[in-house]
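One line per chain: the protein sequences are A and B, in this order.
Note that the numbering used here has the first sequence beginning at 1, numbered continuously upward.
Note that the numbering used here has the second sequence beginning at 1, numbered continuously upward.
In short, the hints are calculated from the structure, not lab data.
All values reported here derive from a predicted model rather than from experimental measurement.
The beta-carbon is built from N, C-alpha and C at its ideal position, and this holds for glycine as well.
Just so you know, not all the hints are guaranteed correct.
To be verified - When the alpha-carbon atoms are kept at most 30 Å apart in a straight line, the in silico DSS-like pairs for lysine-lysine are as follows:
| no. | chain 1 | residue 1 | chain 2 | residue 2 |
| --- | --- | --- | --- | --- |
| 1 | B | 461 | B | 396 |
| 2 | A | 206 | A | 195 |
| 3 | B | 461 | A | 290 |
| 4 | A | 275 | A | 206 |
| 5 | B | 461 | A | 117 |
| 6 | A | 206 | A | 538 |
| 7 | A | 275 | A | 286 |
| 8 | A | 206 | B | 396 |
| 9 | A | 290 | A | 275 |
| 10 | A | 57 | A | 206 |
| 11 | B | 461 | B | 533 |
| 12 | A | 57 | A | 117 |
| 13 | A | 331 | A | 286 |
| 14 | A | 575 | B | 533 |
| 15 | A | 575 | B | 92 |
As the list claims (entries may be wrong) - Far from chain A, some chain B residues (derived; all Cβ distances over 12 Å):
| no. | residue |
| --- | --- |
| 16 | 48 |
| 17 | 84 |
| 18 | 92 |
| 19 | 132 |
| 20 | 249 |
| 21 | 300 |
| 22 | 356 |
| 23 | 369 |
| 24 | 381 |
| 25 | 382 |
Stated by the list, open to error - To list a few chain A residues with every Cβ distance to chain B over 10 Å, as calculated:
| no. | residue |
| --- | --- |
| 26 | 68 |
| 27 | 88 |
| 28 | 105 |
| 29 | 117 |
| 30 | 221 |
| 31 | 246 |
| 32 | 319 |
| 33 | 454 |
| 34 | 519 |
| 35 | 538 |
| 36 | 582 |
| 37 | 648 |
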Amino acid sequence: MTTADKRAAGTGTSAEGAPAAAPDEAPTSAPRRGPAPGAGPMARMMGGPIDKSLNFKGSGKRLLAQMRPERGIIAVALLLGVLSVALTVVGPRVLGRATDLIMAGIVGRRLPEGITKAQAADHLRAHGQGGLADMLGTMPVVPGHGIDFGAVGTVLVGAAAIYISAALFGFVQARIATRVVQRTVFRMRQQVEEKLARLPLSYFDKQQRGEVLSRATNDIDNIQQTLQQTLSQIMVSVLTILGVLLMMFWISPLLALVALVTVPVSVLVAARIGKRAQPQFVQQWKTTGKLNAHIEEMYTGHSLVKVFGRGRESAELFREQNEALYAAGFKAQFISGIIQPAMMFIGNLNYVLVAVIGGLRVASGALSIGDVQAFIQYSRQFSQPLTQVASMANLVQSGVASAERVFELLDAGEQAPDPERPVRPDEVRGRVAFEDVSFRYVENKPLIDGLSLAVHPGQTVAIVGPTGAGKTTLVNLLMRFYEVSGGRITLDGVDIAGMSREELRGNIGMVLQDTWLFGGTIAENIAYGAPEGTSLDKVVEAARATHVDRFVRTLPEGYDTVIDEEGANVSAGEKQLITIARAFLAEPAILVLDEATSSVDTRTEVLIQHAMAQLRTGRTSFVIAHRLSTIRDADVILVMENGAIVEQGSHDALLAVGGAYARLYAAQFAEAVAETE
Amino acid sequence: MMAYASAGPAPGRFRQRLSAERGVSGTDRRNSVAEGKCSHRLPDVLVRLARVHLRPYRRSIALIVLLQLIQTLATLYLPTLNADIIDNGVVKGDTGYIFRVGGFMIAVTALQVVCAVTAVYFGARTAMALGRDIRAAVFDQVQSFSAREVGAFGAPSLITRTTNDVQQVQMLVLMTFTMMVSAPIMCVGGIVMALNQDAPLSALLLVIVPVLGILVSLIVRRMRPLFRGVQTRIDTVNRVLREQITGIRVIRAFVRDRHERERFGAANTDLYDVSLRAGRLMSMMFPLVMLIVNLSSVAVVWFGGLRIGGGRMEIGALTAFLSYLMYILMSIMMATFMVMMLPRAEVCAERIQEVLATDSSVTPPAHPVTALRRHGELELRNVEFRFPGAEQPVLKDVSLVARPGETTAVIGSTGSGKSTLLGLVPRLFDATGGAVLVDGEDVRTLDQETLATVIGLVPQKPYLFSGTVASNLRYGNPEATDDELWHALETAQARDFVERMDGGLDAAIAQGGSNVSGGQRQRLAIARALVRKPEIYLFDDSFSALDYATDAALRAALSRETDRATVVIVAQRVATIRGADRIVVLDEGRIVGTGTHTELMAGNETYREIVLSQLTEQEAA
């Protein structure tokens with residue numbers, strides 16, 4: 001299933017909202033990718049694919065609930081926002097007063113001094129200026145007097161004061177909002193990370209890692225962006241819309257109604273165009289996906305394309321898809337691009353209507369000229385936050401969808417907590433016993449059944465068997481990455497289920513086939529399992545014992561060489577050696593080794609083998625064996641098939657039996673022996 | 001091409017050798033660009049890229065500018081008409097005039113919307129065409145690259161450059177055409193109209209515009225490094241999380257949960273701090289701009305009032321002037337917005353340009369030879385291969401002949417140059433010294449497709465394309481019949497599992513072949529090469545993921561299948577190559593021995609060492 005199917009590209013169709021799915025339908029395991037990398041504001045602007053949430057309301061509420069600890073300062077921010085918007089909204093009205101004063105001055109100057117307004121009106125009518133006479137009613141005219149600059153100045157100082165305080169309040173409000181958002185996201189990140197630590201390993205094995213990672217990183221990033229861009233803005237926009245409406249009705253209900261009519265018209269037009277644009281966007285994203293997949297394949301398989309001489313076909317397909325993307329992209333961008341001019345057109349029509357009707361009203365004396373001026377300013381302020389809120393609908397939707405995915409992660413079942421009062425062996429010597437252990441991932445499908453095994457301190461146990469036989473599962477149970485479904489495992493007589501995981505794992509060192517180094521220096525990576533403050537001398541000592549020292553010294557920065565994310569500056573074999581040094585330095589009583597070294601060159605392999613042997617001496621070791629030497633030297637060889645130990649014993653004894661081990665040995669190892677003979 | 005030797009960090013010899021061998025990783029390069037080392041000359045790159053690729057659309061662009069001009073002027077005309085309504089209609093009480101001018105205003109508005117929509121039409125078309133063209137240019141360029149350039153950039157980086165980066169540039173151009181073109185027109189037009197209303201009052205603009213410009217650019221300038229800081233910290237937090245998720249077993253095994261918690265906490269706190277600082281600066285922006293705009297209105301009313309009082313200006317001009325002021329300030333805001341978006345697109349353009357400016361180290365011959373004897377004789381004559389800027393060559397003075405019907409094996413430790421050696425044959429790389437000859441012809445003179453038909457390569461990392469088993473097998477030979485496919489699968493020991501797959505030959509293969517196991521992928525890749533029936537087989541460590549039994553069976557079947565072909569096998573495992581007619585031992589890029597297994601065991605120290613390293617002394621005895 002492609003992600004595109006699950007996404008609906010959207011512009012202006014927010015009104016349709018999210019499909020109302022029952023919350024219990026939310027799948028927890030359906031792999032869904034987070035927002036595409038690089039889906040920044042630009043991608044949104046072009047109507048990028050928006051994930052729709054399954055339960056918009058619930059997840060949205062929960063996202064808001066994440067801000068609960070901040071509710072105190074949110075209230076303050078809200079109050080400041082109201083103040084700021086109220087003042088901003090009053091501003092034009094006050095400015096309009098000043099215009100009226102100026103207008104009155106012009107008219108008043110032309111009138112004889114000392115008469116009343118009524119007389120002045122009569123005077124004007126007598127001079128054939130009936131229109132102007134009607135206007136006097138709304139004007140603070142003093143006949144015979146010019147513009148009262150004292151009064152104008154006072155009004156303007158007031159206006160300036162209003163604007164300055166509005167800006168101040170607005171600034172503080174935005175600052176608080178920033179803080180709220182950042183703190184909320186900080187907490188969510190913290191929650192996710194803590195959650196990851198409490199999730200059982202089975203969660204990571206079942207889920208795709210990329211999927212978990214995407215929730216922990218991309219989705220949280222997306223939430224941060226969404227909250228940052230919408231929270232404060234939506235608040236201000238909504239308040240502004242309300243405030244402006246109020247003012248418009250106050251000035252002139254008639255004009256306000258005219259302006260209001262344009263709202264549903266705008267919404268309707270935007271929705272209409274949006275609906276037409278949507279399939280084009282879907283098409284655009286489909287073709288983008290196809291083209292990108294082709295590019296990805298052709299680049300990743302670049303040398304194959306060359307070697308198999310398929311460059312022409314590849315280019316042909318590219319050209320076809322590129323052309324399709326052009327066609328789809330052009331349509332989508334054109335249709336959605338009409339929205340803005342259309343909105344502007346409606347805005348302009350509104351402007352003309354206000355100018356004409358306002359002009360008529362002024363002429364009839366029902367409205368002052370300052371009022372019209374203020375009204376024009378208001379109608380501009382009105383449409384802007386409207387479009388802003390509309391454009392944020394998509395953003396909010398994608399943010400809530402991300403939040404939903406993060407909540408799914410946060411709601412995943414956790415591993416059982418450690419026992420209240422954990423037990424611990426008096427002395428860890430390395431005696432391990434599996435007593436009738438069974439384990440299953442899925443009910444009725446036992447993976448390990450009735451497995452018993454006793455290992456004495458210092459013994460080496462080699463585990464062999466085909467892939468899927470349960471070799472790794474055995475180790476996972478010992479490490480308590482998974483919990484047994486039946487029976488028990490003991491360490492020096494103590495049931496490991498009664499121990500704290502920390503205590504148990506502290507006694508076991510592990511070297512995995514899949515080497516893992518973190519972004520830090522080589523020294524830090526070696527010291528990873530050792531107690532804090534382990535001296536460099538000890539690190540070097542461990543490195544020397546495991547053949548790490550030699551190659552580290554050839555690096556220009558030695559132990560301070562930083563290993564980058566992919567560990568690209570150190571070869572695979574060298575990485576393996578570092579992980580061995582790490583286990584060595586941890587000085588565990590028990591060792592778990594996965595030997596496979598398929599990608600390592602043969603000389604490094606010798607070193608690794610020596611290092612592993614060094615590591616094993618005097619320790620109880622479980623080795624998932626791939627090498628003859630380990631198998632021969634092992635005290636006990638476990639041959640596993642289908643989750644059960646089918647044979648158990650020493651190399652010679654098992655060969656003598658001539659069973660499963662003998663067959664396996666003949667198939668896998670005999671030839672290697674034969675070839676040097 | 002020399003660019004990336006100097007682009008990457010170059011501390012010391014070792015790193016250099018490594019980076020030459022593996023190629024400076026794409027992320028390194030990306031960082032070096034993203035960190036803005038060359039940000040001073042970045043705009044040039046964007047302009048250059050756009051200019052070159054916009055050339056075919058000159059006419060459309062001229063039309064867009066014209067339409068935007070008309071559209072903007074129409075918008076600007078409205079306040080003047082409004083002033084007219086007030087001065088000549090309202091003040092004089094002439095309702096007929098109000099209606100007439102009102103009607104005219106609607107006509108102007110209609111003209112405006114028609115021009116705007118047409119401009120969007122051509123803008124979208126041109127921008128999308130530009131994106132298409134640049135994408136095609138980058139794709140073609142990458143297709144011409146040798147494995148060396150692809151390795152140096154890294155496939156993921158090249159993918160990003162072709163898809164995301166092109167898209168960013170395309171969006172910027174689109175926004176420029178549909179919105180930004182009108183900003184300067186609006187600004188200049190607004191100023192002209194303001195002057196037209198009242199020239200002395202326009203002197204106010206001399207104060208307001210610079211103040212707004214300076215304040216906004218000051219904030220933007222301070223914001224940029226903060227935003228970059230936020231981004232790097234987000235990257236850090238995400239990196240820590242990624243490490244925690246991928247390394248979860250190790251973290252739990254070594255009981256480092258607490259340490260990891262602290263590490264994450266520190267990174268998260270750091271991110272919070274910087275985000276907060278950036279956010280605070282941002283929160284200053286909007287109120288400040290609004291304040292300037294509003295105070296300007298106050299100033300306009302005051303000074304305008306003075307002029308009206310002096311009888312030098314009409315009242316309608318005041319309202320119009322306020323509108324023009326808004327337009328001017330809006331256009332400045334829009335321009336600022338554009339400037340803020342530029343850096344990102346600049347980086348993208350730079351990254352695209354880097355690809356376009358990189359020449360392939362493997363160039364097609366001017367007069368390609370298409371006639372080939374097609375025996376499959378392969379010869380390397382004193383071949384040297386050196387990455388640019390590397391101190392040590394990867395291959396040095398390598399000479400060998402592989403003949404039809406023979407199996408030549410190359411063995412050596414990692415980094416000894418084995419894979420590079422194979423890559424020289426199909427010209428994934430070109431030798432920097434000496435020559436590679438196929439049937440006596442230098443591969444550099446051969447037609448690329450002619451050369452391709454004689455070679456069947458099984459790469460070290462078997463890559464499958466999305467499609468079906470059959471479509472992958474037919475990749476090198478579209479005409480192959482189903483029987484031929486099954487035969488190849490049987491030889492490659494892949495028949496069993498393909499038969500078990502849902503749909504058999506038509507079973508779906510996911511991108512990269514991720515839905516089959518590593519061993520299965522390897523066998524399918526081998527079958528793919530077999531279907532091609534080439535004269536020369538190149539196996540690059542192609543049996544590593546197979547267990548010994550399968551490996552042995554496969555090699556037995558393979559030798560029957562390829563008995564008349566030239567076979568070159570690169571391997572780590574001694575068992576894989578033991579039976580070869582000739583074994584070439586490679587050490588640090590040089591041939592240190594050639595011979596059969598027995599000969600080499602007797603007389604070649606390096607070979608003995610390699611063999612013995614795979615078995616203990618006691619087993620070898």
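>> Given the hinted pair residue 575 (chain A) and residue 533 (chain B), is their Cα-Cα distance within 30 Å?
In response: violated, 39 Å
> residue 48 (chain B): least C-beta distance to chain A exceeds 12 Å?
Replying inline: At about 21 Å from chain A, residue 48 (chain B) clears the 12 Å cut-off, so the statement holds.
> So is residue 582 (chain A) really clear of chain B, every C-beta pair being over 10 Å apart?
Replying inline: Non-interface label on residue 582 (chain A) violated, nearest chain B Cβ at 7 Å vs cutoff 10 Å.
> Per the stated criterion, does the least C-beta distance between residue 319 (chain A) and chain B lie above 10 Å, as a non-interface residue requires?
Replying inline: Label violated. Min Cβ-Cβ 7 Å, cutoff 10 Å.
> Does residue 68 (chain A) really sit off the interface, with its C-beta more than 10 Å from all C-beta atoms of chain B?
Replying inline: Holds: least Cβ distance 18 Å, greater than 10 Å.
> Far enough from chain B: is every CB of that chain over 10 Å from the CB of residue 538 (chain A)?
Replying inline: holds, 16 Å
> Holds or violated: is the Cβ of residue 382 (chain B) farther than 12 Å from all Cβ atoms of chain A?
Replying inline: With a cut-off of 12 Å, residue 382 (chain B) remains clear of chain A, as the shortest Cβ separation is near 24 Å.
>> Does residue 300 (chain B) clear chain A by more than 12 Å, comparing its Cβ with all Cβ atoms of that chain?
In response: For residue 300 (chain B), whose nearest Cβ neighbour in chain A is about 9 Å away, the distance does not exceed 12 Å, so it is violated.
> Once the closest CB in chain A is found, is it more than 12 Å from residue 369 (chain B)?
Replying inline: The assertion about residue 369 (chain B) holds, with a minimum of 15 Å to chain A.
> Would the least Cβ to Cβ distance between residue 105 (chain A) and chain B come out above 10 Å?
Replying inline: violated, 6 Å
> Holds or violated: are the alpha carbons of residue 575 (chain A) and residue 92 (chain B) at most 30 Å from each other?
Replying inline: violated, 90 Å
> Does residue 132 (chain B) sit more than 12 Å from chain A, CB to CB?
Replying inline: violated, 4 Å
Violated hints, in rising order: 4, 5, 6, 8, 12, 14, 15, 17, 18, 19, 20, 21, 27, 28, 30, 32, 34, 36; the structure is consistent with all others.
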